Amino acid sequence: QKEVEQNSGPLSVPEGAIASLNCTYSDRGSQSFFWYRQYSGKSPELIMSIYSNGDKEDGRFTAQLNKASQYVSLLIRDSQPSDSATYLCAVNQAGTALIFGKGTTLSVSS
Amino acid sequence: GAGVSQSPSNKVTEKGKDVELRCDPISGHTALYWYRQSLGQGLEFLIYFQGNSAPDKSGLPSDRFSAERTGGSVSTLTIQRTQQEDSAVYLCASSGSGYEQYFGPGTRLTVT
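If you read the protein sequences in the order shown, they are chains U and C. The numbering of the first sequence is the working numbering, which starts it at 4 and goes up by one. The numbering of the second sequence is the working numbering, which starts it at 328 and goes up by one.
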């Protein structure tokens with residue numbers, strides 16, 4: 004069974020720090036990797052996508068992919084209280100349904 | 328531009344009744360997905376439509392669940408004879424030429 008694993012948290016960081024969120028997946032055929040942010044009572048919002056090994060940066064967010072280790076991570080620099088949310092890792096083979104982890108809750112204290 | 332829209336935003340129904348949930352994907356998006364999220368649970372895939380191809384129904388939990396997509400755009404998810412375990416947030420997502428999926432606001436279904 005294809006699985007995506009994340010630590011549930013909560014991960015607590017002070018404002019301005021770097022938050023590091025991690026995810027592992029079981030299906031070596033996975034081709035697409037995504038991070039979604041979900042605020043309480045809201046739907047998931049896509050924040051990063053990554054398709055090839057290495058780092059991808061977008062503003063304060065950096066996604067890292069290591070297919071050999073079946074590992075995806077998300078770094079949030081200069082964390083803000085508004086970043087407090089649940090972060091969902093999702094993977095799929097191109098164009099198919101996403102397989103989600105259960106999410107990591109991030110709490111950023113001011 | 329306009330995102331994915333879903334209606335109703337909330338639905339309360341009695342056990343045993345049928346319900347219909349609607350999804351309007353982003354204009355031009357050919358792929359449409361239904362997921363559900365139960366309290367404390369992860370996001371669970373239900374069904375996937377891609378263009379005019381036969382839908383991937385592999386995630387539907389029982390034959391009480393069905394979905395259709397008319398004209399390659401709007402989709403309706405139907406749950407017959409609802410049960411209390413059907414209570415969840417039902418989420419619709421769409422994607423275009425890329426692989427990113429964009430979610431609608433969801434429909435919160437409560438079965439009493």
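Hints should not be assumed to be uniformly reliable.
To be verified - Using 25 Å as the maximum straight-line C-alpha spacing, the simulated BS3-like pairs for lysine-lysine come out as follows:
no. : chain 1 : residue 1 : chain 2 : residue 2
1   : U       : Lys105    : U       : Lys5
2   : C       : Lys384    : U       : Lys5
3   : U       : Lys105    : C       : Lys344
4   : U       : Lys70     : U       : Lys105
5   : C       : Lys384    : C       : Lys338
6   : C       : Lys344    : C       : Lys384
7   : C       : Lys342    : C       : Lys384
8   : U       : Lys45     : C       : Lys338
9   : U       : Lys105    : U       : Lys45
To be verified - So the derived label-pair ranges between C-beta atoms look like this:
no. : chain 1 : residue 1 : chain 2 : residue 2 : range
10  : U       : Gly98     : C       : Val401    : 18 to 26 Å
11  : U       : Glu6      : C       : Glu395    : 43 to 51 Å
12  : C       : Ala381    : U       : Pro84     : 29 to 37 Å
Worth flagging that the hints you see were computed from the coordinates, not collected in a lab. From a predicted model like this one, the values you see are computed outputs, not experimental measurements. Ideal Cβ positions, reconstructed from N, Cα and C, are used throughout, including at glycine.
Each hint, compared with the structure:
Of the pairs offered as hints, the one joining Lys105 of chain U and Lys5 of chain U holds, with about 13 Å between alpha carbons and a cut-off of 25 Å not exceeded. Of the pairs offered as hints, the one joining Lys384 of chain C and Lys5 of chain U holds, with about 17 Å between alpha carbons and a cut-off of 25 Å not exceeded. The hinted pair formed by Lys105 of chain U and Lys344 of chain C fails the criterion: a straight-line CA distance of about 30 Å is larger than 25 Å. The straight-line distance between the Cα atoms of Lys70 of chain U and Lys105 of chain U is roughly 20 Å, inside the 25 Å bound, and the hint therefore holds.
Distance check on the hinted pair: Lys384 of chain C and Lys338 of chain C sit about 23 Å apart at the alpha-carbon level, within 25 Å; holds. At most 25 Å may separate the alpha-carbon atoms for a hinted pair to count; Lys344 of chain C and Lys384 of chain C meet this at roughly 22 Å. A distance of roughly 24 Å separates the Cα atoms of Lys342 of chain C and Lys384 of chain C; the hinted pair therefore holds under the 25 Å criterion. As the CA atoms of Lys45 of chain U and Lys338 of chain C are separated by approximately 16 Å, the hinted pair is consistent with the 25 Å bound.
Between Lys105 of chain U and Lys45 of chain U the CA atoms are separated by roughly 15 Å; this keeps the pair inside 25 Å, and the hint holds. Range check, Gly98 of chain U to Val401 of chain C: Cβ separation about 21 Å, and the 18 to 26 Å hint holds. Taken as a hint, the range 43 to 51 Å is violated for the pair Glu6 of chain U and Glu395 of chain C, whose Cβ atoms sit roughly 30 Å apart. The hinted window of 29 to 37 Å between Ala381 of chain C and Pro84 of chain U is violated, with their beta carbons roughly 47 Å apart.
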